[in-house]
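J.: The residues making up each chain are set out below.
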Amino acid sequence: MKNQDSLKMINPIKQFFINYAVPILFIIMIVIAAPMSGLSPIFLINEVMTRLTRNSFLILSLLIPVMAGMGMNFGIVLGAMAGQIGLILITDWQIVGVPGILLAMLISTPIAILFGYFAGIVLNRAKGREMVTGMMLGYFMNGIYQLLVLYGMGKIIPIRDKSILLSRGYGIRNAISLDGIRQSLDNVIKLNILGVQIPLVTLGVIALNCLFIIWFRKTKLGQDMRTVGQDMEVARVAGIDVEKTRITSIVISTVLAAYGMIIYLQNIGTINTYNSHEQIGFFAVAALLVGGASVSKASIINVFIGVILFHTVFIVSPRAGKELIGSAQLGEYFRVFITYGVIAFSLVLYAWRNRIEAENERKKAMILRRVSLQDEEEEGDNV
Amino acid sequence: MSERLKELLENIGLPRLLIALFLLLLFVIAPFVGVRVDTSINDVIARFAMNGVLVLSLVPMIKSGCGLNFGLQLGVIAGLLGAVISLELKVTGFAGFAVAIIISIFFAIIFGYLYGLLLNKVKGEEMVVATYVGFSAVSFMSIMWLLLPFKNPDMIWAYGGEGLRTTISTEGYWHHILNDMLSFQIGSHITIPTGALLFFALLCLIVWAFFRTKTGTAMEAVGSNPDYARSCGIDVDRVRINSVIFSTIIAALGILVYQQSFGFIQLYNAPLMMAFPAIAAILLGGASVTKVKMWNVLVGALLFQGILTMTPSVINNLIKSDMSETIRIIISNGMIVYALTRRMKVRS
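Residue numbers (the working numbering), protein chains in the order written: chain P, 901 to 1283; chain X, 89 to 436.
It is worth saying that the hints were derived from the structure and are not from the lab.
Don't be surprised by glycine CBs; every beta carbon is placed ideally from N, CA and C.
Careful: at least some of the hints might be erroneous.
Said to hold, decoys possible - A short list of chain X residues far from chain P (calculated; beta carbon distances all over 10 Å):
no.: 1; residue: Leu-113
no.: 2; residue: Val-125
no.: 3; residue: Leu-177
no.: 4; residue: Lys-178
no.: 5; residue: Ala-183
no.: 6; residue: Val-187
no.: 7; residue: Phe-223
no.: 8; residue: Asn-240
no.: 9; residue: Met-243
no.: 10; residue: Gly-260
no.: 11; residue: Ser-276
no.: 12; residue: Cys-292
no.: 13; residue: Gly-304
no.: 14; residue: Cys-320
no.: 15; residue: Arg-430
Said to hold, decoys possible - Within a straight-line C-alpha distance of at most 27 Å, the following computed DSSO-like cross-link-like pairs (lysine-lysine) qualify:
no.: 16; chain 1: X; residue 1: Lys-211; chain 2: P; residue 2: Lys-914
no.: 17; chain 1: X; residue 1: Lys-209; chain 2: P; residue 2: Lys-914
no.: 18; chain 1: P; residue 1: Lys-1263; chain 2: X; residue 2: Lys-209
no.: 19; chain 1: P; residue 1: Lys-1027; chain 2: P; residue 2: Lys-914
no.: 20; chain 1: P; residue 1: Lys-1055; chain 2: X; residue 2: Lys-408
no.: 21; chain 1: X; residue 1: Lys-408; chain 2: X; residue 2: Lys-302
no.: 22; chain 1: P; residue 1: Lys-1062; chain 2: X; residue 2: Lys-408
no.: 23; chain 1: P; residue 1: Lys-1027; chain 2: X; residue 2: Lys-408
no.: 24; chain 1: P; residue 1: Lys-1027; chain 2: P; residue 2: Lys-1222
no.: 25; chain 1: P; residue 1: Lys-1264; chain 2: X; residue 2: Lys-209
no.: 26; chain 1: P; residue 1: Lys-1027; chain 2: X; residue 2: Lys-239
no.: 27; chain 1: P; residue 1: Lys-1263; chain 2: X; residue 2: Lys-211
no.: 28; chain 1: X; residue 1: Lys-209; chain 2: P; residue 2: Lys-1197
no.: 29; chain 1: X; residue 1: Lys-211; chain 2: P; residue 2: Lys-1027
no.: 30; chain 1: X; residue 1: Lys-239; chain 2: P; residue 2: Lys-1222
To be verified - Just some of the chain X residues that point at chain P, by a computed CB distance under 7 Å:
no.: 31; residue: Val-210
no.: 32; residue: Ser-227
no.: 33; residue: Ser-230
no.: 34; residue: Thr-414
no.: 35; residue: Gly-422
From just these sequences and the hints, can you work out the full model?
T.: Now the structure itself:
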């Protein structure tokens, strides 16, 4: 009996708090900071609704690589770049409204597939450290993106609209206004329920993406991906082309990220040509982790909980900071600190838990062995 | 013959070779586009002395198997604390620099110990965790620079502002304290920052000598084969923490050397990305995620700083537009991506 007790290593309540430490922390922060910020509930709900429609699609693009066991895909930055290239081109061609958005998505698709394929190959050569490699790949591709947009556009790639070019005659300006497509997806059908603006079509697109992910999980490819995610060797023995499956997961993620970036930017209404994409990876990953996801497990629910919790804290913390200490600048630094801190904390927690679990497995195996030895001895006594 | 050539190429690595040739090409075409070679050499030497120690700081952690120190910023923060506290105490000259060093080392030991404890908990995931620990530390310190009660008027905003300035001049305290020590001129355009070079050489010597002592060899053993090291009775976790502390201390000294040469202490977001150029440099010098030799530090710092110095001047004059920033991004981050993908190829 004693042995069986020691088999139960961590009690369930403690386990729950360890697993959901980050979301719990965020709920506590909101409970404290929201009343202090003095924002009205309607304003807050409206803001959260905006962030939900703006960010959800991008964060959903992180799910499939997690399934394939590749961790948080910091390389969605590559998809964001593809999306931006599409947006820059349709701005130049002056195609407005929903057709403009659709065309931007169409243009960004092959670019995103290309980027995603490249990223997949690179990550296949860095198994076991996909996350840090994906992040560095994002920085590296930023250089290629600059080469293309800051030096190529207007020189090699023809740009007709001189107003989006730098005064020197080539290279795109630091900021482009997306007047033609600003919130045109959000405004197709916009409901107003009790003062809360609900952009129905954008939410519909996000729902479609969720359905796609649910459907995808059930396909043969989706099942293969999960097998690869659990154990590459087992997958290989089962006849799955591990490398190809991993590349596919990154390609899908990158394409979805490109669409996500287009949805994100049409809501904001301007592109910071050389900055918009840079932080996207961090913010998306941080939000997903806040939603209770881990490096190896992330679901659609995590995405929405994450967006709501993460962005509520973002909305209320600068105001609360100002009320509390009287410094708005502080709130800004606090936001950045929260973003990086959440990622660091979740990664540490995950890696730590993995080690404890491995240790527990080892202990369990030892105890089981001891028990079976004892049983054998007892049997021997009986005879 | 072609076999040997191939082997040589494999050893040097294609990207490294290409970048070395690129640098050589830049020096060759420099005179034709109106860039003086002697001032360029002067700049390369100055920047080599300025950044070398930061590159060196990566060595202990690579040796002990903790990987590339993406959390280098922790050492930088220790150095920044030393610098601002020494300015707050208003000690000038060598004494001021010495005070800065002592305070930095104190903080570096504390930070390094905690950082080492953390990295021991996340074995195998050190690099990605380190990156975000570094980032969070920098953003946390941004809050601290605003709140800490510094009083020296040279460091805080003149009126109306709060907290420390974003850049603080070291002028009047220990500006160029190492650079100007025993410095001499060659020709009219080359100044050798003897003091800074000697300081760098001294630290290199210390690191080199350390890895010849018993403790140092134990650290290398932990890096190359932790299980073997454990069976030899080495406390692996303890040794890893020591290596992290060692790296953090050198990084703290590195940023002090950087500041006295640059002339400014940069706070807030300035240290955020500081790990990447140092890592790119050591990789460029021939190190990998798990292996490093002392000459990698020297070659890497020289090559990397050479590229950084030469591209703006030469390329600008050549094509009349400033591509240096983009080239820097591609080379430094490309080098890191290359190194991260490399070991796995050898294994499979």
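J.: Hint by hint, say whether it matches the structure.
T.: Results for each hint:
1. Leu-113: holds (19 Å)
2. Val-125: holds (27 Å)
3. Leu-177: holds (26 Å)
4. Lys-178: For X:Lys-178, whose nearest Cβ neighbour in chain P is about 27 Å away, the distance exceeds 10 Å, so it holds.
5. Ala-183: holds (33 Å)
6. Val-187: Given that every Cβ of chain P is farther than 10 Å from that of X:Val-187, nearest at about 28 Å, it holds.
7. Phe-223: violated (4 Å)
8. Asn-240: holds (21 Å)
9. Met-243: holds (17 Å)
10. Gly-260: holds (28 Å)
11. Ser-276: holds (35 Å)
12. Cys-292: At about 27 Å from chain P, X:Cys-292 clears the 10 Å cut-off, so the statement holds.
13. Gly-304: Holds: least Cβ distance 27 Å, greater than 10 Å.
14. Cys-320: holds (22 Å)
15. Arg-430: The assertion about X:Arg-430 is violated, with a minimum of 8 Å to chain P.
16. X:Lys-211 x P:Lys-914: holds (23 Å)
17. X:Lys-209 x P:Lys-914: holds (19 Å)
18. P:Lys-1263 x X:Lys-209: holds (18 Å)
19. P:Lys-1027 x P:Lys-914: Judged against 27 Å, a Cα distance of about 32 Å means the pair is violated.
20. P:Lys-1055 x X:Lys-408: holds (14 Å)
21. X:Lys-408 x X:Lys-302: Violated: X:Lys-408 and X:Lys-302 sit about 55 Å apart, past 27 Å.
22. P:Lys-1062 x X:Lys-408: holds (20 Å)
23. P:Lys-1027 x X:Lys-408: Answer violated: P:Lys-1027 to X:Lys-408 is near 42 Å, above 27 Å.
24. P:Lys-1027 x P:Lys-1222: violated (45 Å)
25. P:Lys-1264 x X:Lys-209: holds (21 Å)
26. P:Lys-1027 x X:Lys-239: violated (50 Å)
27. P:Lys-1263 x X:Lys-211: Measuring from Cα to Cα gives roughly 19 Å; hence the hint holds.
28. X:Lys-209 x P:Lys-1197: holds (20 Å)
29. X:Lys-211 x P:Lys-1027: holds (15 Å)
30. X:Lys-239 x P:Lys-1222: holds (23 Å)
31. Val-210: Holds, because the Cβ-Cβ distance from X:Val-210 to chain P comes to roughly 4 Å (cut-off 7 Å).
32. Ser-227: holds (4 Å)
33. Ser-230: Constraint on X:Ser-230 satisfied, holds at 4 Å.
34. Thr-414: holds (4 Å)
35. Gly-422: X:Gly-422 check passes; min Cβ-Cβ to chain P is 5 Å, inside 7 Å.
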